[in-house]
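Peer 1: Each chain, written out:
2 protein chains.
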Amino acid sequence: MRPEKPIGIFDSGLGGLTVVREIRRQLPGEDIVYLGDTARVPYGTKSKEAIERFATEDVEFLRRHEVKLAVVACGTASSVALSLLLEESQDVPILDVFRPGVRAAVRTTKTNRIGVIGTTATVGSGRFEEAIQRNGHRVIRSVACPLFVPLVEEGLYEGEIADKVAEMYLGPLKEEVDTLVLACTHYPLLKGTIRKAMGPSVRLVDPAQETAKETQEYLLSHDAVNPTDQRGRVELFLTDLPPHYRDLIELFLGEMPDRIERVEI
Amino acid sequence: MRPEKPIGIFDSGLGGLTVVREIRRQLPGEDIVYLGDTARVPYGTKSKEAIERFATEDVEFLRRHEVKLAVVACGTASSVALSLLLEESQDVPILDVFRPGVRAAVRTTKTNRIGVIGTTATVGSGRFEEAIQRNGHRVIRSVACPLFVPLVEEGLYEGEIADKVAEMYLGPLKEEVDTLVLACTHYPLLKGTIRKAMGPSVRLVDPAQETAKETQEYLLSHDAVNPTDQRGRVELFLTDLPPHYRDLIELFLGEMPDRIERVEI
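Protein chains in written order, with the numbering used here: chain A, 1 to 265; chain B, 1 to 265.
Source of the hints: derived by calculation from the structure; they are not laboratory data.
Don't take every hint at face value.
When chains are identical, the list treats them as one kind, so a pair holds in a single copy or across two.
Cross-link-like lysine-lysine pairs, in silico, DSBU-like; alpha carbons within 35 angstroms at most [what the hints assert, rightly or not]:
hint: 1; residue 1: Lys-164; residue 2: Lys-110
hint: 2; residue 1: Lys-110; residue 2: Lys-213
hint: 3; residue 1: Lys-164; residue 2: Lys-213
hint: 4; residue 1: Lys-213; residue 2: Lys-174
hint: 5; residue 1: Lys-174; residue 2: Lys-68
hint: 6; residue 1: Lys-68; residue 2: Lys-196
hint: 7; residue 1: Lys-174; residue 2: Lys-196
Computed from a prediction, not measured in an experiment: that's the story for all the values here.
Pulled out of the complex, with its shape left as it was, chain A reads as follows:
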């Protein structure tokens, strides 16, 4: 693994930039190549077969850009397509948001009562339950929150409507868990709303933060941290440039990237 090569990251859309933001915080020298499949977003309402096909094409795109590491920053692709990506990946190591989320949940819970929220596909896959059970813990409940992504994308991540929607989804979880995994890259923007709905005693696990930590550990242990003391470049490749995409990039990334290019994959 050549340290000066970029880290590759992909997501179904722009939400995965919350992962880039955390990685930049912890590894400021790394160059980032980010692929957002904005022409086919969202993945979370689609079939396993479609998600696997899209994710395979996404990794292939990153491989062509000679990344030293590919990070699956999409909660849906991480839950649904990870086994396939790991099987098919020969030369590029693959990290994801799913496994760090599981590990953090298991570390965090005190009462062995873990909840998971994500897209329809993530929750439908049952992968979180399986993985948490393998760690000797128990998912009490997993809940699909399909309106959360459109709420965030409309800028409605707080306020009366967000509160009502959060209440509808999270009401049944509230008294039952002590730890809640936010298994979708859009959800960190709803943290305030989710916290209000869940109450102050429930601990929220944000896989974006955990993934950034594990990326750092991985690079350190493989002697592959970029040795530069310059701030790394962020290059965004998007399969579509939808209306307001610049606003969404700034919302999720917290800065403007060095380059934005539309690509076909």
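With chain A held as given, fit chain B onto it using these hints.
Peer 2: Quick look at chain B alone, frame taken from chain A:
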């Protein structure tokens, strides 16, 4: 135009089945070939370029199925990509939901105050305003309602959350228009909610109904109504079979089709 050939209809997803339902009501003998681009749904949040490319591929698929007529049942594609589709269409006549919606709005208004609601792309295109102005009328306001589609797809087309969202979008329209065009195939399912938010004096124009009427008129005037007295077949071709697709098909179509097949386009 050979009367025994099927009518081709496409939409970004399953919402366009509301148009099929109306066509079946008025033209029960017609065979229907429906393409739903469920792998790339929604179109309404994407760029003009992406929507034009997708819509061109969709029409090409219908042409390969030798339809006698192609109906664009997607509000977004009708508003954004219609000129291109008409320019490029050589052998297959193209109907859409946009022009019948405009004509019905112009016929319906008493006070020359028309409102339009649709997706971000539809409203952003400004095409409704232009077309209604060309007819000597005025769109007072057009409002993008991007949360309406996910609400319908989650089955939340009535209730407290739908009311709050409708109030947020429609509040500014309420006192200003006498006619409101529902320029998205999902919105007919929200009619009750929209009517509650708009009050009883505002007339709602449903382009699905108008499109079915115009399809019937077109076939009659071209001597191309299928002469059979049997009920026609409905064949669905979908680019993805997402979770719950059968429920959504039944919700929009009101019956189960004769065939459902996944295709790549």
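Peer 1: Evaluate each hint against the coordinates.
Peer 2: Structure-based check of all given hints:
no., hint, in the structure
1, Lys-164 with Lys-110, "within (29 angstroms within a copy, 38 angstroms between copies)"
2, Lys-110 with Lys-213, "within (22 angstroms within a copy, 63 angstroms between copies)"
3, Lys-164 with Lys-213, "within (33 angstroms within a copy, 40 angstroms between copies)"
4, Lys-213 with Lys-174, "within (28 angstroms within a copy, 51 angstroms between copies)"
5, Lys-174 with Lys-68, "neither (41 angstroms within a copy, 56 angstroms between copies)"
6, Lys-68 with Lys-196, "neither (40 angstroms within a copy, 56 angstroms between copies)"
7, Lys-174 with Lys-196, "both (10 angstroms within a copy, 32 angstroms between copies)"
The structure is inconsistent with the numbered hints 5, 6, although it conforms to all the rest.
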